[in-house]
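Undergrad: Each chain, letter by letter, is given below.
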Amino acid sequence: MNIHEYQSKEILRSYGVHVPDGKPAFTVEEAVANAKALATPVIVVKAQIHAGGRGKAGGVKIAKSADEVRGYAKELLGKTLVTHQTGPEGKKVGRLLIEAGASIQKEYYLSFVVDRQTARIVMMGSEEGGVEIEKVAAKTPEKIYKEYIDPVIGLAPFQAQRMAYAIHIPAPAIRKATALMQGLYKVMIGKDCSQVEINPLVVTAEDDVIALDAKLNFDDSALFRHPDIVALRDETEEDPKEREAAEAGLNYVNLGGDVACMVNGAGLAMATVDIIKHYGGEPANFLDVGGDSEPEKIAKAFRIMLEGGQAKGIFVNIFGGINRCDNIANGIIEAAKIISPDGKSLPVPVVVRLEGTKVKEGRAILKNTPIANVFPAATMEGGAEEIVKRVAAAKA
Amino acid sequence: MSVLVDKDTKVIVQGITGKAASFHTKQMLDYGTKIVGGVTPGKAGQSVEGVPVFNTVRDAVRATGATASVVYVPARFAADSIMEAADADLDLVVCITEHIPVLDMVKVRRYLEGRRTRLVGPNCPGILTADQAKLGITPGSVSKPGHVGVISRSGTLTYEAAFQLTNAGIGQTTTVGIGGDPVKGMDFIDALKLFKDDPDTLAVLMIGEIGGTAEEDAAKWIQENLKEKPVSAFIAGRQAPPGKRMGHAGAIISGGKGTAADKVAALTAAGIPVADTVAHIGATMVKLLKGKGLFEKCHTC
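Protein sequence lines correspond, in order, to chains U and X. Start counting at 1 in the first sequence, then tack on 1, and there's your number in the working numbering. Start counting at 1 in the second sequence, then tack on 902, and there's your number in the working numbering.
It is possible that part of the hints are untrue.
Restraint ranges, calculated between C-beta atoms of paired labels, are given here [as the list claims (entries may be wrong)]: (1) 69/U - 1143/X: 55 to 65 Å; (2) 81/U - 1171/X: 33 to 43 Å; (3) 234/U - 1071/X: 50 to 60 Å; (4) 158/U - 1069/X: 56 to 66 Å; (5) 343/U - 1193/X: 47 to 57 Å; (6) 921/X - 241/U: 25 to 35 Å.
Below, computed lysine-lysine pairings styled on DSS-like, alpha-carbon distance capped at 30 Å [as the list claims (entries may be wrong)]: (7) 1095/X - 144/U; (8) 1131/X - 1095/X; (9) 1009/X - 93/U; (10) 24/U - 37/U; (11) 1009/X - 187/U; (12) 921/X - 361/U.
A short list of chain U residues far from chain X (calculated; beta carbon distances all over 12 Å) [said to hold, decoys possible]: (13) 30; (14) 72; (15) 78; (16) 79; (17) 107; (18) 373.
Simulated from the structure, these hints should not be mistaken for lab results. Note that CB positions come from ideal geometry on N, CA and C, so glycine has one too.
Based on the sequences and whatever the hints tell you, model everything.
TA: This is how it looks when you write it as C-alpha cells:
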C-alpha cells in the first residue's frame, strides 16, 4: 500500500524524524492559509500523487509569497500530471503539500528496503541525492553504500556512523544524521514498511539534517496490525476496477487492453497474460480468482472485466488440481446466468480452457450449455489463439 | 530416489484441525504420505482423519518421531509455528500459508540460522515425490515417477508443468514449490544443489517469475556447478508493468530490477532453454532431453 508524501512526513514526524514544517491543502484557500501560517521567505508547493518524478513534470513549485502560492495552487489543483511513473494517462492532483523551503547545503539519498537474498533489512545511502537511485546504481554503483541490519540487534550505532561517514555527511551534522537513520529504522519496523525512501535527504546551510522528501510503502500482508495506516488510503489514487476487485477478494491488475483473462493461481495468471500478448492480443488484465468455483465470485470477476466495455472477449484458463473441472464448469455457467441479461447469452465471447481433474465432464458441461458465446478450448495455446482472433473479429 | 521427502518420511501437520488442513491431511494420507500427527494448541487428544492431535510440536515429535512438518496455520500466527517446528529440530518444514508479513519472515530466517531445519515456502504448494509422498496442496494425480526434478515459485504453474511433462511421457523425481514470497526458505540454488546430488534426477525444470534476482543467480550457479544435468526454464510475467504486484507478494518489478526480460536473458546466456509460452514448458524440456540423448532414459510414463 502507498500513501502520500504529506502522510509519510506526518508519520516520520511522530517518530522524531526531522522533516520540513508543512501541511496538506485540498483547496486554493487552504493552500494560501497554510502558506501564511508558515510565514517563511520560501514556500514549496508540492502536488501530492502516488508517483515519483513530480519535480520534472512540473508538480513542485517554489513560491516567495502567499500570492505566488495562490497562483501555483490554482495551477496544480485539478491538473493531470504525467511523470515517468504515472503512465501516459497521468494522475490528477487533488491535494497539495504546502511546506517551508530549506536552504540546502547538499543532497543525499537514504533508504531502507528488505533484501530478498539475505532476508535482512538493508539501509542504502549515497551522496548522489536528488536523482533517481536506479541511475546511480547503473552508472556509479560504487557510490551506493549498504548496511545489512540484524533484526535482533536493530540498526547498530556503528552502522549508522559508518554510513554517515561513507556518504560524507559534514562533521557538524553527523550526530543528527545518525539519529535520523535510527528514527527511519524505527518507522520501518514499527509500521511494517516494505520501503522507506528519503530522496533527497539534505544537510542545510545551518548543518541541520532534514528528510526533504519521503516515500513510505507498506507490506499489505501486515496491514491487519496497522489500522492507522489503512485509514490513510486514498481511493482516488487507485484504479476503480482494482479497488472493486480487492474488495471482492480477487487479485486483479488492470493492464489496459481488451482481451481479458480469468485464471486460477498467480503464476498461471501471469503466464496467461503473456500468452495472450504472444498471440497478438492486448491483455486487459491480470486476474487470479483462486481455487474455488463459487458462481457469485466468478460472476463478480466477469462483471469487473466487462465494466466500461473494456473486455471484448474473455479467456478463462483453469487448471483443476484439487478442484474438479466439472465444478468449475458449473460455476462458470452459473456465473454466466447471473450476469447475462436474459440468462442465455454473454455479451462477449468467452473461451474456456479447462485441464486437470474431471476435465472430460467439465468440457461436456461447457459444450452442452444453452448459453451462447461460451467456447470450450481443447488446449491452452488453442484457447489463447482463439480468443485473440475472436476479439480481433469483434473489433473489425 | 528423490529429494527432501519419500514414502518413509514421518510428517506432522501444524494447524491440522483447520478446514483446509484437515481436507489436505486426507489428500496427503490418500497419496501415501506418512502423516503421523497433528498440532493445534488446546486440541490434544482429538484426532483428524485418524491422526492424533497434540498441543505442541515438541509433544507431537516425542510421541511420533516425526522429522518433517507442513504448516497450514493462519498468516498472523504462521511465523511462530515455523519457529516452533525449528525449535523441535525437525529436518524439514513446509509452509503453505500465504500473506505472512514480510518482517515476520525476516525474523524467521534469523531464527533458522545455525539450526538444522530446512524451510520450504511460505506461500507455496509444497513438495511432491511422485507416487511416494506429498507435503502440501499439490494435486497428486498429475505427477508420475521419473527423472526430472521441478522447482517452481508458483503453485498452478507447478501443476501445469508436471501435467505437460507427464503427458509427454516424462516422469518426475520430486516437484518442489519454493513459493511466491520475497523472503522465504529454500530458493532455486538450494533446490538445485539437492537435485545435483540426487542420482535419480537427470534433468531439472525451473519455473520462475518476475521479482528479485533469484533466477539470474541460479543461472550463474548452474553454469558454474551443474554441467552434468541439463536445465530448462520458464519465466512468468513478461507483460507485467513495473511497480505492480502480480498476485504473489514477491512478483513485483521494483527499481528496474526483476523483469522477465532480464531473467530470460540471464538464463539464455547460461545455455538454459526458456519456453516462449506457458504452453511449451513440456515441449522445451523434451527438446532439451532429446538433444542431450537423455529422452529415452527419461521417458518413464
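Undergrad: Taking the hints in turn, state whether each one holds.
TA: Status of the hints after comparison with the structure:
1. 69/U - 1143/X: 55 to 65 Å: 37 Å Cβ-Cβ, so the 55 to 65 Å window is violated.
2. 81/U - 1171/X: 33 to 43 Å: Check passed, 42 Å falls within 33 to 43 Å.
3. 234/U - 1071/X: 50 to 60 Å: At roughly 52 Å between Cβ atoms, residue 1071/X and residue 234/U fall inside 50 to 60 Å, so the hint holds.
4. 158/U - 1069/X: 56 to 66 Å: For residue 1069/X against residue 158/U, whose Cβ atoms are near 60 Å apart, the range 56 to 66 Å holds.
5. 343/U - 1193/X: 47 to 57 Å: Check passed, 55 Å falls within 47 to 57 Å.
6. 921/X - 241/U: 25 to 35 Å: 33 Å, holds
7. 1095/X - 144/U: 34 Å, violated
8. 1131/X - 1095/X: This hinted pair holds, its Cα atoms lying about 11 Å apart.
9. 1009/X - 93/U: Cα-Cα ~40 Å, so violated.
10. 24/U - 37/U: Within the cut-off at roughly 12 Å; holds.
11. 1009/X - 187/U: 16 Å, holds
12. 921/X - 361/U: 28 Å, holds
13. 30: The claim holds: residue 30/U sits with its nearest Cβ about 34 Å from chain X, beyond 12 Å.
14. 72: Per Cβ check, residue 72/U is outside 12 Å of chain X; nearest 33 Å; holds.
15. 78: Answer for residue 78/U: holds, closest chain X Cβ roughly 25 Å.
16. 79: 25 Å, holds
17. 107: 23 Å, holds
18. 373: 27 Å, holds
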